[in-house]
Amino acid sequence: MKIKSQRDFWSGLMFVVVGVVFAVGATNYSMGTSARPGPGYFPLILSILMALLGSFVLFKSLTIEVEGGDPIGAIAWRPLLVIVASITVFGAALPRLGLVITVPILILMTSLAGDEFKWKGVLATAVVLTVGSWAIFVLGLKLVIPMWPWFVG
Amino acid sequence: MDLLGNLALGFGVAFTAQNLMYAFFGSVLGTLIGVLPGLGPVATIAMLLPSIYSLDATPALIMLAGIYYGAQYGGSTTAILINVPGESSSVVTAIDGYQMARQGRAGAALAAAGLGSFFAGCVGTVIIAAFAPPLTELAFKFGPQEYFSLMVLGLIGAVVLASGSLIKAIAMIILGLLLAQINTDVISGTARYSFDIPELTDGIGFVVIAMGVFGFGEIIANLGMPAEHREVFTKSVKGLWPTKQDFKEAWPAVLRGTALGSLLGVLPGGGALLASFAAYTVEKKVAGASGRFGKGDIRGVAGPESANNAGAQTSFIPMLTLGIPPNAVMALMVGAMTIKGIQPGPQVMTSNPQLFWGLIASMWVGNAMLVILNLPLIGIWIKLLTVPYRFLFPAITLFCCIGVYTLNNNTFDVYMTAAFAVVGYVFYKLSCEPAPLLLGFILGPMMEENLRRALLLSRGDWGTFFVRPLSAGLLAAAALMIVIVLLPSIKSKREEAFQEE
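Residue numbers (our numbering), protein chains in the order written: chain A, 2 to 154; chain B, 3 to 503.
Keep in mind that the hints were calculated from the coordinates and are not lab data.
By construction, the Cβ of each residue, glycine as well, lies at the ideal position given by its N, Cα and C atoms.
Watch out, some of these pointers could steer you wrong.
[Said to hold, decoys possible] Only pairs whose alpha carbons sit at most 20 Å apart, straight line, appear in this in silico SDA-like list of lysine to any residue: (1) A:K3 to B:L432; (2) A:K121 to B:R392; (3) A:K119 to B:K286; (4) B:K286 to B:P254.
[As the list claims (entries may be wrong)] Covered by chain B, per the in silico footprint, the following chain A stretches (three or more residues, Cβ under 8 Å): (5) 6 to 15; (6) 43 to 55; (7) 82 to 95; (8) 106 to 116; (9) 131 to 143.
[To be verified] Derived contacts from chain B toward chain A, CB cut-off under 8 Å, selection only: (10) F26; (11) S56; (12) A59; (13) Q183; (14) I221; (15) R258; (16) V288; (17) R392; (18) E435; (19) R454; (20) V487.
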C-alpha cells in the first residue's frame with residue numbers, strides 16, 4: 002500500500018488516534034441512558050464520529066491519487082522550537098523575575114527564530130517593548146503583573 | 003417607528019465620549035493589524051480579551067467590533083499597494099487592485115475600496131437594525147431541540163462554505179467539540195479528561211486555543227517561509243479621487259457587492275471571506291468580454307471590497323440574535339460577552355438594549371471614522387508596511403504571552419498555549435483549517451447541554467429532533483447543504499472558486 006496524500010494520511014491518523022483516546026477516556030464516566038444521559042454520553046458519540054471520519058480520511062489518502070502526493074514539506078524546526086521554548090520560559094520566569102527582566106529575555110530568545118539577528122535592533126526592540134508593555138498593561142489597563150524580581154521587591 | 007427609536011437609543015450610546023474613543027481605538031488598531039501581514043483579527047482580539055476585564059461591556063464590544071471591520075479596510079490597502087493581502091478576505095482585491103497600482107491608479111483603487119466599504123458598512127448596519135428584532139422573536143420560540151439543530155446547521159454551514167476538504171473540516175469541528183469536553187460536567191459534577199490536574203477541571207480557556215493556534219501557529223508558519231521580496235508603490239499614490247468614468251463603472255459593482263455580501267454574511271460560515279470571493283466571480287461574469295479583469299479593472303476592487311465589508315457587518319446578526327457565532331471572530335465576541343457576564347442569545351436585545359443598539363450604531367460611526375482615517379492618512383499606513391517582520395514577531399509573541407498570563411494570572415495557561423502553538427503548526431502542515439475547531443470548541447458545552455435537555459424531555463427518544471417541524475427543518479437544511487456540496491458539478495466549482503487562495 003502506498004500513501005497517495007501525505008497530508009491527508011497523517012491528519013486522518015491524527016483524527017483516529019484522538020477519537021480512540023477520547024472514546025477510551027469516555028468509558029471511565031457514566032454513560033447513563035438515552036433518557037438520562039450521563040457525563041460520558043456525548044463524548045463517546047463524538048469520539049466515535051471522530052474516529053470514523055478519521056478512518057475515512059485515511060482510506061481516501063491511500064486510494065485516491067493526488068497530484069504531487071501532497072507532501073508535508075520541510076518542518077521549520079528552528080522557529081517551532083525557539084518560539085515554544087520562549088513561551089515556556091516566559092511562563093516560568095514572569096512570576097519570579099517580573100516584567101522588567103522577563104520581557105528582554107523573551108525578546109532575545111524569540112529573535113533567534115528569525116533569519117537575521119542584529120544585536121542593535123534586538124536590544125532596541127527589547128527596551129522599547131519593556132517600557133511599552135509596562136505603559137500599556139500596568140499603567141494603562143491596570144493589570145496585575147509582577148514588575149520586579151523577587152529579590153528586589 | 004420602533005426601528006428609529008432603537009437606532010436613536012443606539013446612537014445616543016455610541017456618541018458618548020467614552021464609546022467614541024473606543025470605537026476609534028478599535029478601528030485604528032484594526033486598520034493597523036489589517037495593514038500588517040501575519041497578524042489577523044482573530045489573534046488580535048484574542049490578545050485583547052484580558053484587557054476588557056477593566057472595561058464595561060459596551061465599550062469593550064464596540065472596540066472589538068471596530069478591530070474586525072477595521073481589519074477589512076486595512077487589508078485592502080496592502081492588497082492594492084504591495085499585492086500582499088493583509089487579510090484573507092482581501093485576496094481577490096489584490097488581483098485587480100495591484101494592477102491598478104502598477105498603472106499609477108493606486109489612488110483610485112484605494113478610494114473605490116474605501117468608499118465602497120463605507121457604503122456597504124452603512125447598508126449592513128441598517129440591515130442588522132431591521133432584521134435583528136424579528137429574528138430574536140423567532141429565537142424565543144426555540145426549545146432545546148431547535149437550539150441543538152440550529153447549532154448543527156451552523157457548524158455544517160461554517161465548513162460547507164469554507165475552503166478546503168469538507169471531511170477534514172467536519173473532523174476539525176468534532177475535535178473542537180471534544181476539546182470542549184475537557185471540563186467538569188455541569189449536570190453530574192464529574193470532572194472529565196482532567197487527569198487530576200486542577201486547572202483542567204475548569205476546561206481549557208478558548209483564549210489559550212485561539213492564541214496558540216492562530217497567534218503562535220501563524221508566527222511559526224510565517225517564519226518557516228523564506229523572506230519575500232516586496233515592491234511598494236509608495237510614491238505613486240496621488241490623485242485620490244477616481245475619474246468620472248471610474249465612478250460610472252464602480253457604483254453598480256458596489257451595489258451588487260453590498261447586496262451579495264449582506265446576504266452571505268448572515269449565513270453560517272459566511273462573513274467577509276466568502277463574500278469577497280463570490281463578489282469577484284459575479285463581477286467577472288457581469289462584465290463579460292468588456293472587462294479588463296486581472297489587468298486592473300476597478301470593478302474587481304469595488305465589488306469584493308464592498309462585499310467583504312457588508313459580510314463582516316451582517317455576520318453579527320446570528321451572533322447577536324441567536325448567540326451562535328458564524329465565524330471565528332464572532333466566536334471570540336461570544337467569549338468576550340461571556341467574560342463580561344452576558345449570556346449571548348436572544349435575550350441580549352431585551353436585557354441589554356444599551357449594549358445591543360449601541361454596538362450596532364457604533365459600527366456606523368466606526369465605518370465613518372475608517373473612511374476618514376484611511377483615505378487622507380494613507381501615507382502613514384504605507385510607512386508601516388516598511389516595518390520588517392523581524393521587529394514584529396517578537397512584539398506579537400510578547401503581547402500574546404502577557405495576554406494569556408493576565409487572563410487568569412496563571413502560568414499554566416501560558417504552558418498550555420505553548421502546547422497549542424505546536425498543535426497549530428501541525429494543523430498548518432497537515433492543511434487542517436483551525437477555524438472550525440474554534441467554532442466547535444465554543445459551541446461544545448451549549449450543544450451538549452441542549453442535547454441532554456432535549457433527550458431528557460423526550461424520554462430518550464432521538465426522534466424528537468425530527469418530529470418538531472422547526473428542528474426538522476434546520477436539520478434538513480444542514481443535510482441539504484452537505485448533499486449540494488458533494489454534487490460533482492458544484493464540487494468542481496467550489497474547488498475552482500477557492501483555488502486562488
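Here is how each hint holds up against the structure:
1. A:K3 to B:L432: Roughly 18 Å between the alpha carbons, so the hint for K3 (chain A) and L432 (chain B) holds.
2. A:K121 to B:R392: 13 Å, holds
3. A:K119 to B:K286: 47 Å, violated
4. B:K286 to B:P254: 13 Å, holds
5. 6 to 15: This one holds; 5 residues, not fewer than the three required, reach chain B with a Cβ under 8 Å.
6. 43 to 55: holds (count 8)
7. 82 to 95: Since 9 is at least three, the answer is holds.
8. 106 to 116: That given contact holds, which follows from 7 residues of the region 106 to 116 of chain A lying within Cβ reach (below 8 Å) of chain B.
9. 131 to 143: With 4 residues close enough to chain B, the hint holds.
10. F26: Since the shortest Cβ distance to chain A is 16 Å, the answer is violated.
11. S56: Check passed: Cβ of S56 (chain B) comes within 6 Å of chain A, closer than 8 Å.
12. A59: 16 Å, violated
13. Q183: Q183 (chain B) check passes; min Cβ-Cβ to chain A is 5 Å, inside 8 Å.
14. I221: 6 Å, holds
15. R258: For R258 (chain B), the interface hint is violated, since the closest Cβ of chain A sits about 35 Å away, which is over 8 Å.
16. V288: 33 Å, violated
17. R392: Hint holds; R392 (chain B) Cβ to chain A Cβ min 5 Å, cut 8 Å.
18. E435: 11 Å, violated
19. R454: Holds - the Cβ of R454 (chain B) comes within 8 Å of chain A, reaching about 5 Å at its closest.
20. V487: 15 Å, violated
The structure fails to meet hints 3, 10, 12, 15, 16, 18 and 20 from the earlier list, while all remaining hints are met.
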